[in-house]
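Protein chains in written order, with full-length UniProt numbering: chain A, 1 to 314; chain B, 1 to 314; chain C, 1 to 314; chain D, 1 to 314; chain E, 1 to 314; chain F, 1 to 314.
Calculated from the structure, these hints are not laboratory results. Among the clues, some could well be false.
Claimed, not checked - Computed cross-link-like contacts, DSS-like style, restricted to lysine-lysine with a CA-CA straight-line distance of at most 25 Å:
{"no.": "1", "chain 1": "C", "residue 1": "Lys104", "chain 2": "B", "residue 2": "Lys175"}
{"no.": "2", "chain 1": "D", "residue 1": "Lys260", "chain 2": "B", "residue 2": "Lys25"}
{"no.": "3", "chain 1": "D", "residue 1": "Lys309", "chain 2": "A", "residue 2": "Lys260"}
{"no.": "4", "chain 1": "F", "residue 1": "Lys175", "chain 2": "E", "residue 2": "Lys253"}
{"no.": "5", "chain 1": "F", "residue 1": "Lys309", "chain 2": "E", "residue 2": "Lys279"}
{"no.": "6", "chain 1": "C", "residue 1": "Lys214", "chain 2": "B", "residue 2": "Lys289"}
{"no.": "7", "chain 1": "F", "residue 1": "Lys260", "chain 2": "C", "residue 2": "Lys214"}
{"no.": "8", "chain 1": "A", "residue 1": "Lys279", "chain 2": "D", "residue 2": "Lys291"}
{"no.": "9", "chain 1": "F", "residue 1": "Lys279", "chain 2": "E", "residue 2": "Lys279"}
Keep in mind that this is a model prediction, so the values were computed, not measured.
Number of protein chains: 6
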Amino acid sequence: MKNGIGYHNVGDLFDSFMLVKAATKGVASNGKPFLTLVLSDTSGEIEAKLWDATPEDEELFHAEQLVKVMGEINQFRGRSQLKIHSIRQAQPTDGVQVADFIEKAPVDKEELMGRLTEIIFDMKNPNLQRIVRYFVKKYQDELGVYPAATKNHHEYVSGLLYHVVSMLNIAKELKNLYPEINKDLLYAGIILHDLGKMKELSGISAPTYTLEGKLLGHIPMMVEEIGRAAEELQIIGEEVTILQHMVLSHHGKAEWGSPKPPLVREAEILHLIDLIDAKMNMLNRTLAKVKPGEFTERMFAMDNRSFYKPTFDE
Amino acid sequence: MKNGIGYHNVGDLFDSFMLVKAATKGVASNGKPFLTLVLSDTSGEIEAKLWDATPEDEELFHAEQLVKVMGEINQFRGRSQLKIHSIRQAQPTDGVQVADFIEKAPVDKEELMGRLTEIIFDMKNPNLQRIVRYFVKKYQDELGVYPAATKNHHEYVSGLLYHVVSMLNIAKELKNLYPEINKDLLYAGIILHDLGKMKELSGISAPTYTLEGKLLGHIPMMVEEIGRAAEELQIIGEEVTILQHMVLSHHGKAEWGSPKPPLVREAEILHLIDLIDAKMNMLNRTLAKVKPGEFTERMFAMDNRSFYKPTFDE
Amino acid sequence: MKNGIGYHNVGDLFDSFMLVKAATKGVASNGKPFLTLVLSDTSGEIEAKLWDATPEDEELFHAEQLVKVMGEINQFRGRSQLKIHSIRQAQPTDGVQVADFIEKAPVDKEELMGRLTEIIFDMKNPNLQRIVRYFVKKYQDELGVYPAATKNHHEYVSGLLYHVVSMLNIAKELKNLYPEINKDLLYAGIILHDLGKMKELSGISAPTYTLEGKLLGHIPMMVEEIGRAAEELQIIGEEVTILQHMVLSHHGKAEWGSPKPPLVREAEILHLIDLIDAKMNMLNRTLAKVKPGEFTERMFAMDNRSFYKPTFDE
Amino acid sequence: MKNGIGYHNVGDLFDSFMLVKAATKGVASNGKPFLTLVLSDTSGEIEAKLWDATPEDEELFHAEQLVKVMGEINQFRGRSQLKIHSIRQAQPTDGVQVADFIEKAPVDKEELMGRLTEIIFDMKNPNLQRIVRYFVKKYQDELGVYPAATKNHHEYVSGLLYHVVSMLNIAKELKNLYPEINKDLLYAGIILHDLGKMKELSGISAPTYTLEGKLLGHIPMMVEEIGRAAEELQIIGEEVTILQHMVLSHHGKAEWGSPKPPLVREAEILHLIDLIDAKMNMLNRTLAKVKPGEFTERMFAMDNRSFYKPTFDE
Amino acid sequence: MKNGIGYHNVGDLFDSFMLVKAATKGVASNGKPFLTLVLSDTSGEIEAKLWDATPEDEELFHAEQLVKVMGEINQFRGRSQLKIHSIRQAQPTDGVQVADFIEKAPVDKEELMGRLTEIIFDMKNPNLQRIVRYFVKKYQDELGVYPAATKNHHEYVSGLLYHVVSMLNIAKELKNLYPEINKDLLYAGIILHDLGKMKELSGISAPTYTLEGKLLGHIPMMVEEIGRAAEELQIIGEEVTILQHMVLSHHGKAEWGSPKPPLVREAEILHLIDLIDAKMNMLNRTLAKVKPGEFTERMFAMDNRSFYKPTFDE
Amino acid sequence: MKNGIGYHNVGDLFDSFMLVKAATKGVASNGKPFLTLVLSDTSGEIEAKLWDATPEDEELFHAEQLVKVMGEINQFRGRSQLKIHSIRQAQPTDGVQVADFIEKAPVDKEELMGRLTEIIFDMKNPNLQRIVRYFVKKYQDELGVYPAATKNHHEYVSGLLYHVVSMLNIAKELKNLYPEINKDLLYAGIILHDLGKMKELSGISAPTYTLEGKLLGHIPMMVEEIGRAAEELQIIGEEVTILQHMVLSHHGKAEWGSPKPPLVREAEILHLIDLIDAKMNMLNRTLAKVKPGEFTERMFAMDNRSFYKPTFDE
């Protein structure tokens with residue numbers, strides 16, 4: 001969708017349907033109320049100001065509402081901002097649907113689920129396989145649709161599953177190159193490492209952090225869940241502790257949220273695969289928005305670096 | 001017991017019963033075997049070299065054996081070392097017992113348990129009280145005797161319970177000074193905060209770290225235990241999450257092992273009380289070994305500082 | 001005073017007397033002058049914009065003036081801001097006084113002074129007692145009214161004395177629990193530790209930093225004062241150096257302003273008591289402004305954390 | 001070679017041929033000279049003391065000499081040490097060769113070179129391909145045999161080429177998973193990234209750092225070489241600067257020796273692939289020396305961690 | 001030029017010619033376009049807003065245009081801002097020239113060049129002297145006019161040469177005080193240390209970073225240039241490596257951009273002289289703008305410190 | 001004195017008079033007592049072991065005793081050690097004196113004092129001059145002989161004064177290059193900055209830290225002394241506070257012992273001059289002990305770097 005908001009530049013006129021992600025009331029320096037809208041389509045989002053907003057405007061333009069908007073893209077304090085010329089609610093006759101405006105993983109959830117099932121089917125260690133199956137079943141509804149995060153990487157519908165499957169693909173290739181890897185352990189660790197996000201994040205569209213998410217975080221919550229699952233499945237064995245360790249250590253360092261660093265080979269490689277897939281996801285999506293010879297905007301989760309897109313090809 | 005090994009100086013002769021804590025075989029630069037013994041009584045421990053050790057010596061002088069030793073205290077690379085003049089196994093007729101050579105908390109475990117019971121009895125919030133009672137019952141055998149650590153502070157028999165009771169005493173006084181504190185929550189957090197040590201450490205005398213202790217640590221293990229206990233007790237309510245947060249955050253910072261910092265008033269105060277009691281325990285025991293006008297040895301767990309003991313009184 | 005500005009929310013109308021703490025002139029994007037006022041009562045403060053300000057407005061609404069203001073509380077860049085509907089100077093007939101709008105310690109300065117006198121009376125070490133008495137006498141006018149800081153904790157009238165007395169109360173309880181503490185030394189350290197603030201800060205209402213405060217800081221200034229006092233009182237003895245060390249080290253670490261870390265037991269405990277009282281003061285006052293189930297605003301001096309207020313009671 | 005020195009434990013007798021890597025003279029506490037020998041075979045190395053060494057011993061047992069040694073493995077200050085019972089120079093009739101005692105990459109240099117040639121053949125961008133060919137030709141003698149480092153990872157004959165080929169294999173798989181990657185750029189970066197080591201290290205057996213290596217380091221030296229090569233080949237184009245950037249940034253951060261962090265997608269992925277291959281090489285070789293259920297020795301280049309080898313299989 | 005923009009205060013009227021350094025279009029909250037101009041003279045620069053800008057305004061007021069402007073200096077978010085009352089393009093009849101509005105070094109470039117020539121003439125080591133001469137010749141056009149940076153210190157015409165000559169003067173005096181210094185090596189290092197800036201920065205007026213500057217930085221570029229120059233001049237000898245090391249290490253630490261720290265006496269002293277001259281340049285120019293008894297604005301490149309100007313004289 | 005111990009290498013025989021700096025008794029692994037002696041002359045010091053020491057040996061060879069020693073220089077754990085062949089007390093007839101074995105500054109104390117007096121005579125600001133004179137008079141006996149430190153730099157007789165005079169020489173040259181410097185303030189700051197060392201260190205030969213030195217440090221002690229001196233001299237004026245600030249801030253950063261960083265131009269330059277002179281003193285003395293083409297030993301106070309001495313001349 002190369003004609004979405006993410007592909008427009010400052011100075012462009014813009015005329016399209018968009019989804020209101022957030023609407024906040026403010027008062028301008030002239031004393032009149034205005035609305036700050038965050039408008040999105042699958043290519044990105046933009047802030048827009050609706051000046052001199054009436055009480056009716058406030059009712060019409062709220063979060064999760066589709067709108068038809070026309071305006072011009074300006075720059076404000078170094079960020080794009082849409083100056084609204086006109087705006088109206090979308091009508092049934094417009095034939096647009098909310099689902100078309102929410103970013104999704106580039107692969108269907110059915111295909112991702114199929115790939116996940118294959119991988120699990122290939123596992124040979126029964127303890128690991130049973131624990132993994134338990135969780136895939138437990139979260140069968142959410143797993144196909146949850147995002148992997150609220151921002152930065154894979155922050156879209158099916159993002160979590162897409163991230164897991166990408167990591168499994170890398171893991172499979174690394175197993176070929178380094179046969180010492182315990183494949184089942186690595187696969188199980190990858191599949192479970194971020195499942196705690198389903199308790200940490202409030203939902204799929206516009207997710208926020210739950211109270212448990214804020215006070216405990218997805219890592220300790222998932223460590224606890226694995227312990228309980230093993231008890232329920234009556235699995236006793238080192239696999240349980242090692243799997244808990246894989247989840248616990250996958251952020252790599254205490255200051256990044258892992259009270260123990262990786263102390264098992266597969267835990268170390270899980271951490272590295274997670275890094276690669278998260279970084280490639282961020283880099284590819286951000287570089288897609290600039291032209292060869294340009295630098296991207298600064299990327300907060302990449303140490304605030306701005307990346308260059310070379311002008312030559314393979 | 002001012003006449004124990006901890007109160008002797010370099011140059012002193014020493015002639016007493018001691019407990020062998022560890023015995024390691026080595027080969028001297030002249031090619032002859034020797035034994036490195038760690039000998040202890042309740043006042044401290046010292047390394048000793050038994051040169052030209054025979055195979056019989058190796059059998060006689062092993063860990064957990066009581067011995068009668070005579071020797072001279074020398075200095076070696078800045079640490080005290082006992083030069084053995086003579087050594088023999090203790091005999092039944094000597095009338096000495098292993099228990100007399102292991103350091104214990106300065107208060108009886110019965111008295112500590114009594115104080116703990118009183119405190120729990122005073123709690124009014126039924127959810128918190130029930131969870132606390134569940135764990136005191138579950139660990140009734142170990143709780144009275146476990147150490148709080150393998151070294152640094154409260155590393156002796158009943159050290160964990162003594163630490164908990166000292167913290168509860170501080171908490172009670174702070175509640176008087178700052179009535180906004182939720183006393184039940186603070187008490188419950190103090191009682192549970194280190195119970196995971198009973199799974200992290202292998203036992204009471206000469207404890208080491210278990211596999212779970214090394215790969216997971218006492219904090220996530222205890223968070224998991226609280227979750228399971230609440231399920232078993234069918235307690236639903238914010239108390240469970242907040243208690244888990246109290247345990248999770250009690251080291252204060254991510255780099256000190258708490259993936260979340262304290263985000264509840266009582267979690268912050270729990271962290272501070274833990275600091276005070278651990279530091280006072282270390283300082284008082286270390287300062288007891290030096291005379292007024294002297295500096296202590298460097299204390300690793302106090303940022304490697306060496307403390308001064310003033311020469312004047314109150 | 002639950003109806004002060006600190007207890008209102010965005011959207012509320014507000015109509016009350018307030019004290020102008022600061023007034024700054026600006027020019028709006030339409031080229032017209034405006035005033036940015038900081039208005040306060042004992043519950044907190046709020047920024048307010050007076051648009052299209054006339055030269056008369058500038059004269060009427062200056063720092064330390066009481067005003068009657070009516071307006072609506074809006075949100076601007078994530079902070080509350082008062083949109084002024086009307087504003088006028090307070091009149092003698094309004095019956096309001098500046099003193100009623102400045103925050104004070106929750107305990108009377110006479111009562112605090114009484115408590116301080118008792119504590120000093122109990123001291124037995126004559127050198128420590130004489131030095132402490134010297135300073136209480138020297139600063140008898142300021143000690144009862146000075147704030148402990150310009151912001152963060154105890155930043156109100158009598159804040160310094162209130163902080164000292166709270167710390168003395170904690171110290172007394174800790175002495176009971178850890179009898180090894182030299183009570184007189186700890187008391188003297190607590191009483192003197194922050195007295196340098198009376199030279200570091202310019203005064204009581206709206207304090208700023210003096211030139212000495214900026215270039216030297218309250219810690220070295222107080223170390224110097226103790227040295228001079230000892231000379232004047234002809235006190236010779238280790239107490240002088242140790243007291244200077246208590247003040248010097250009370251921030252705990254070089255990077256926090258203490259060129260030497262605590263190297264005496266009572267210096268370490270003084271640092272910890274200071275931490276507890278400062279943190280409890282900040283936490284209690286900030287948590288008082290949110291409802292159960294809410295998080296506070298981010299607290300800069302608490303590592304920018306936002307604290308949660310649980311929904312359950314003791 | 002499971003019967004090499006790397007597979008013996010403390011207490012074992014050992015009787016085999018070994019290569020002297022270093023020999024240093026010392027004087028024992030009894031005033032007699034001794035030799036400290038570092039003895040190695042392809043499985044590892046061990047320190048050995050030859051007490052009461054004669055001047056003849058000093059002549060016989062020097063670096064790069066093969067010896068027949070019999071002795072017992074002891075522990076000294078936590079490290080293994082060989083107590084020599086007898087030692088003699090190897091004789092021609094013993095039929096042993098130095099080359100059999102130097103560790104080599106697990107794949108032949110011819111096979112590695114073949115794989116490298118294939119990869120270069122597949123490159124399409126002529127500028128990148130020509131620069132890469134230039135260097136492979138320039139270093140054709142050393143490239144097949146140089147180690148990648150003096151210690152930690154790939155520190156053996158052909159280690160550099162083996163590391164490069166492993167990285168190319170990973171790169172190829174990642175290109176399949178993330179087609180946005182510019183394969184030629186990534187390949188060229190991988191092939192060149194560590195070639196400066198051939199100027200930084202003094203040679204193949206027992207390499208040390210050259211003066212240039214110590215004062216400049218392999219990274220700036222290789223950046224310079226690429227610039228000169230491009231001039232010689234009369235290549236003008238962004239490829240040259242980007243390739244220099246790939247080499248410059250491949251350590252990832254300034255504090256790790258890269259004055260610029262990766263600012264191009266392929267530079268970031270090069271850094272990550274380098275990390276993975278170095279870590280897997282270290283982990284696999286270290287874990288090969290312990291049994292399931294054991295922890296490895298502390299690994300300095302892995303943040304001093306000790307890794308656990310689980311007891312269960314796939 | 002004490003009457004430049006750098007010497008005016010908030011509230012002052014200002015009426016003078018200025019150079020437009022940058023002009024950016026924006027849209028005000030009332031929907032109308034405006035121009036943000038950065039206006040400068042040799043004493044400093046100021047931001048100015050031209051509200052309700054017409055398309056003609058946009059054409060007239062662009063970068064590198066001289067203008068006559070009248071307005072009032074206001075404060076906006078803590079920074080000075082010029083409120084424009086009137087503005088027009090400068091006319092030929094106004095008799096003003098762009099060169100008069102660009103800050104220059106306080107010493108003529110001819111004089112600086114003369115001093116540099118003298119110093120080089122005094123060098124005795126032929127290898128060092130030839131390399132230095134090579135570069136002075138190569139960059140003879142740029143060397144006299146380039147700035148030393150885009151901001152912070154010596155960021156004006158001839159700034160680089162002025163910085164080099166100041167450093168040479170300090171070096172000469174230190175050689176007198178510490179005769180062990182190798183003067184020729186230190187001189188050569190000073191002259192070459194920042195020459196890479198001529199490739200890193202795009203030009204003289206309003207310089208920005210080149211692609212090479214962003215991806216490689218001036219340090220590795222200059223190291224490469226020295227290597228090539230030595231090759232061209234057929235100089236072989238340790239001088240080349242040491243000179244490259246001087247340039248490479250002159251930022252002092254890896255985290256400041258030097259992959260190797262100074263490892264040669266003259267490299268260490270070069271780093272210190274660079275620090276002194278950069279800091280004195282910043283301090284003297286910033287302090288010149290405040291009166292005795294005042295603090296300067298915060299200086300970002302001096303760890304964000306604000307410096308005090310004492311009220312007393314020598 | 002190129003034939004001192006500092007100029008000998010491992011393997012050399014050594015036969016000369018030396019001063020015993022320290023003597024410690026130990027017990028060898030064969031159970032016999034030995035003495036560890038630290039022997040010194042003006043070129044350096046070396047550790048020596050006297051095996052099988054008799055009680056008479058202990059009496060003869062104590063600190064501050066001159067001895068005639070013959071032996072061989074060996075290497076032990078990477079450091080030189082003297083293996084004693086024979087040793088005896090020096091006799092009156094040997095004609096050697098303790099003073100000849102203590103390192104001194106390379107310039108006479110009378111010459112240094114003369115230079116200091118000149119500088120003070122040149123000062124024009126009466127307040128600064130009077131304070132400086134007060135201290136030079138107060139410490140007239142110690143100032144000429146004290147070391148500047150116990151190790152690292154200027155750690156010899158008259159080291160403090162030599163350091164001060166070197167710094168004054170640099171200051172004078174910098175004043176010529178940067179006339180904005182307030183010379184009197186800088187001179188006064190240099191002269192006073194380290195005078196607190198005379199209370200921090202116990203004496204001239206083999207100095208240790210005093211109790212005040214350990215608990216307060218030379219910086220706060222000197223700040224206090226300046227305050228008292230000003231009071232005694234009845235000097236009121238900003239000079240006093242600024243001078244105290246100069247001393248307080250001269251270590252540059254809080255973590256290096258300065259609770260306030262330099263906030264006055266002359267304080268910043270004082271810090272830089274201190275750095276230069278300390279570093280040049282360490283570098284010159286350490287480099288004097290190696291030959292061209294060699295690296296020095298690691299220098300702890302230079303971030304543990306090992307410096308290279310180039311092989312070419314000016």
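To see whether the hints hold, each was checked on the structure:
Note on C:Lys104 and B:Lys175: the hinted pairing holds, with a Cα-Cα distance of about 23 Å set against a maximum of 25 Å. Taken as a hint, the D:Lys260 and B:Lys25 pair is broken in the structure, with Cα atoms around 52 Å apart against an allowance of 25 Å. Between D:Lys309 and A:Lys260 the CA atoms are separated by roughly 16 Å; this keeps the pair inside 25 Å, and the hint holds. At roughly 28 Å between alpha-carbon atoms, F:Lys175 and E:Lys253 are farther apart than 25 Å, so this suggested pair is violated.
Proposed proximity of F:Lys309 and E:Lys279 is contradicted: the alpha carbons are some 29 Å apart, above 25 Å. With a C-alpha separation of about 42 Å, the suggested pairing of C:Lys214 with B:Lys289 is violated against the 25 Å cut-off. Our distance criterion of 25 Å between C-alpha atoms is met by F:Lys260 and C:Lys214, whose separation comes to about 8 Å. In summary, the hint linking A:Lys279 to D:Lys291 is not supported, as the alpha carbons are separated by about 35 Å, beyond the 25 Å threshold.
With a CA separation close to 19 Å, the supplied pair F:Lys279 and E:Lys279 stays within the 25 Å bound.
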